[in-house]
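**Q** Using the hints, position chain B against chain D.
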Amino acid sequence: MPRIPLGTWVNDAVDWLLHHVAWLFDFFKAVFTGTYEGINAVLQAPEPLLLIGIFAVIAFWLRGTVAGVLTFLGFAFIHSMDLWENAMVTLALVLVATIIALVVSVPVGIWAARSDRVSGVVRPVLDFMQTLPAMIYLIPAILFFGTGASAGIVATLIFALAPGVRMTELGIRQVDKDLVEAAEAFGTTPRNTLLRVQLPLALPTVMAGVNQVIMLGLSMAAIAGMVGTGGLGGDVNEAIGQLNVGLGSEAGVAIVILAIYLDRMTNALGTQVSPLGRRAAARARSLQGLKIWSYRPRPAVAVIGVVALALVAGGMGVFGSNGGSAAVAGDKNVGQGKKITIGYIPWDEGVASTFLWKEILEQRGYEVEAKQFEAGPLYTSLAQGTVDFQTDAWLPTTHEQYWKKYGDRLEDFGAWYDETSLELAVPAYMKDIDSLDDLKGKADLFGGRITGIESSAGIMSLLKNQVMGEYGIDKEYRVVDSSTPAMLAELKRAYAKQEPVLVTLWSPHWAYSDYDLKKLEDPKGVWGEGDGVHTVARQGFADDDPVVGGWLKNFSMTEEQLTSLEAEINQAGKGGQQDAVRTWLKDHPGLVEKLAPIAAEPAAAPAEAKRPLNVAWFPWDECIAVTHLWKNVLEQRGYKLNLKQMEVGPVYTGLAGGDLDLNFDAWLPHAQKNYWEKSKDNLTDLGTWYEPTSLEVAVPSYVKDVTSLEDLKGKADLFDGKIIGIEAGTGQMSLLHNKVLPGYGLDKEYKVVDGSTPAMLAELKRSYAKKKPVAVVLWSPHWAYSEYELTKLKDDKKLFGEGNTIRTVANKKFPEQYPQLTEWIKNFRMSEDELGSLESVIKKHGQGHEADAVTAWLKDHPDMVGRMTPR
Amino acid sequence: MSARLEAEHLYKVFGRRPDQAVERLRQGADREELRSDGATAAVIDASFTVEPGEIFVVMGLSGSGKSTLLRMLNGLLEPTAGHVRFGGQDLTELGDQGLREVRSRKISMVFQHFALFPHRSVRDNAGYGLEVQGVPRAERERRADEALALCGLAGWEKSWPDELSGGMQQRVGLARALATDADLLLMDESFSALDPLIRRDMQDQLIELQKSLKKTIVFITHDLNEAMRLGDRIAVMRDGRIVQIGTAQDILIRPANDYVASFIQDVDRSRVLTAGAVMDTDVSGGEPQCRCETARPATPFTELCAISARVPHPVSVLDDDGRMVGVVPARRLIGFLGEEDGDTVACDAPGDAGSEKVMTRA
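Respectively, the protein sequence lines represent chains D and B. Taken in order, the first sequence gives residues 1 to 871; the numbers are from UniProt numbering. Taken in order, the second sequence gives residues 1 to 362; the numbers are from UniProt numbering.
In short, the hints are calculated from the structure, not lab data. Here the structure is a predicted model, which means the values were calculated and not measured. Treat the hints with care, as some may be off.
[Stated by the list, open to error] With a straight-line Cα cutoff of 30 Å, these simulated BS3-like cross-link-like pairs (lysine-lysine) come out:
1. B:K158 / D:K177
2. B:K106 / D:K177
3. D:K813 / D:K640
If we strip away everything but chain D, and leave its shape as in the complex, we get:
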């Protein structure tokens, strides 16, 4: 048989998709994360007990008193286990996946029910989706969607789609043929037959499908914890990794409570929405008579209950946030509620800087109003003093006329951004075109078109009247007047398809941060010197408020900052500007302090600390220790670290893809060799911080006479002929199979049991408790050595090879992004004592208190911070 290279084909297909349809995945990603974040925000916002109340009222309405009470107790239980936030993350994930799954599966199910051919095509696809092991599409999901919610949603979706389609199809096909015929016999159109007869009658089955979708989604959401979706799945994953049965069962029980609730509610909802179900339920109730335990309020009452609770929840949210801003810490409350009005022109940089200042000033205790104007009225308002300042004055050229008119009644606080320019731009993938000179003779490439903006804009007349003539391209090229949004849409479209495109653009503009674009050089300087973007205030503003005046006078932004902020705001859309600013500020910690300094400000963080680091960690002891140590130390230095717990495979994929920045626990060159080899082109090795490690086979010390691998010979009976292994395919396992066992002549006697690390540890624990002989695959450092008395079997022939070193691995671009951090990490070392003591302190403090443990440990090791991050 020739080898059919299916794997290669799939790889090629994945590569192709990555390169060519990335925009599509980005679109889906945006849809998924958008929906997810929306729902998650709604679920996370209210006080947990209130939301629990809302859930309970829904249960009360749908199923009766007992259900309502049990719901309250169950969710309160989750809340008491401190799992509320994660439970809501999981719930949001499942809801999004369910909604999307239904949007897709119900129409497909209907289609399949009406056409045998469609049904024949759909069925194997569903089988495929349902039975393909989850890990196989979890990893591609990361490739396409990055780690986090959207990958989890996609995986959940793929898994949960099938029952929706199947049950819809089944439900419709099950509808009595006589009824369909009767509908037809009375002249019903096919569409109405579907809507008035088939769907209503299929509804109970369809709802059973919905129920299945939710249940499968929930079970998948737990697995998706592996790709960093977080939620209860993350907790379960973490617990399994550490063999922490306690935490695992807490998270597990929380999932079960969620599952039971969702199951019962969708069931009851099924009864409620289908006319047949409503009838059956009503009849059952009338037989039963009115009993308090099965009493159910009428829908109106329930709706009122839910709305009332939601209002209270919402109200508390509002008051909560009001309270938050009122409670600006004493020393930061510079404004004391003073009112400031900012005017702005709805241009990207104006919106960005205005809302940035609105947020900053509000953080400083001012009450800020942002008003939108056209340029003319804005200057008028400033001159009249109804607006305090504006940040979008293009001087000296663009707004010259206004300045001439009102300049004597205004104060110029200077330019906060002076790298403005007007230009033509092309995507960076257009080789050979770097300057306006290069455009000559290339008209064919661009279809002879320059995509412009509103014909009235200054840049357009400059382009048509001077630039094109000067470079002699006015015959070749036609300037297409359109609008700014249309120009941007055209750019986006062409960019996605990697087609040539030539657009008029100006800096600053967010397009430069969203796309890789080239500004065409203007060697003849026809575009002229750019304006500066100035902050202009009403006369006397600086005297009235010298503090803010001082801040504004010192205000400046880099191109990177401005464009990324613009992009963020652009993404958030109208109404979300200030939220976008907040998000952006989170990525730029310390900026508020820099722009609006308060006396006695702590030393500013290094510039590179502005972006939070995504650090992946495995639930292994040395990794927990080192990761939390770095988190503690780096946060003292002004960095921000997001810790994400993940499996090994996804971590390497995430690092290579740039979703993750760092992982401190790479066992190289052996244990994680496979992963490294695969992604090494996109990774950087930041050196080792701990050596030596070793790989070995270990047995409990109570197994006498076995101290080396040689001793295993002839003892197969003792160990049942088994060596308990870990995940098949890991470096250590291949070594054991291919070298170690044959090397010691053990390969005939012993069978290596493939499994997983948790399974191996569980087996070790079980055998250890019974004092049974057991041989396991293990490595040092490992907490098992401190937990149990184990003998590392000597490897006299050195067949396991030299030990691994524990190294820090980062994305390839990491060193240029974080030069300071790179240096620190490269010089970082830990001794066995230090690591051991830190691990044991963390173990003592227990799960969830790693940060406290590190703080405590650092007190005993006062030199550590200085050693790790020398100034």
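**A** Just chain B, lined up with the frame of chain D:
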């Protein structure tokens, strides 16, 4: 106003190459030959006319093609060949849209298993056809309630189908069909799923309703007694073909072939036959010679027997003008009951005419 329904050389073949199969059927091939080629002939060359206001019963055993034939009449099945005309309009020429229009306004249907929509109340079921027509709610409910009242279901409008007995459910089915004011009523074994007493009731009610409504009705049944009770004319189907069309008495007295004959064996003749069908027409014309009781041609068989028991000689049958159109000797009555129309054989024992005496006493 009701209209005439005409079916003209209807064929329905399921399976492969139906057109070719029809061609072969026309040339005389039989069903079995076609079956081996993967085609099933359900209806073969069916032609008949149903006059306005007539109840036309199609009778046959299961698999005889009667249901298929019925579904071709309203276009639920498209005939492989042939034409259906109703009120002068050729339904086979219509497209989907036109057919739906006809079905919603001119033809309605009552089903064997009622086919009521379980998710609609009785009133909404009865008003379904009107809803499809787009009749506004108020008028729809009014007409639905009227139709329900007509079928004896006043007061049940707000009930649900599963709360009703089988007979009442079928009344809802009938009301649904009547509510649209369709001229043609197709009834597909509509009473077969009911138990015998209820079935009788429903048959009576249908006859009663028909007296006032004068719809054109095509009624399918496998029960010959029902066919005889209801049908103005009856078509007997076998293996996809119509083997005989005629009135109940035609079929009883002159079965077209052995199949029909064997069919009518079990029929309670006394319910079907009338004096006109059994009388001896050799003696006709003139006035009766005595003042004994007489019968009319429409006098039912059982009544005729009663008269015969009271009269010492053959009963005279008179027409509307009082003229004698035939006589019924008692022996002839017994002959019809026993399906024996041969001559009396002479008895070799003394005391002849004993049978007649027994009959008289009975």
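**Q** Does each hint hold? Answer for all of them.
**A** Hint check results:
no.	hint	in the structure
1	B:K158 / D:K177	holds (25 Å)
2	B:K106 / D:K177	holds (23 Å)
3	D:K813 / D:K640	holds (18 Å)
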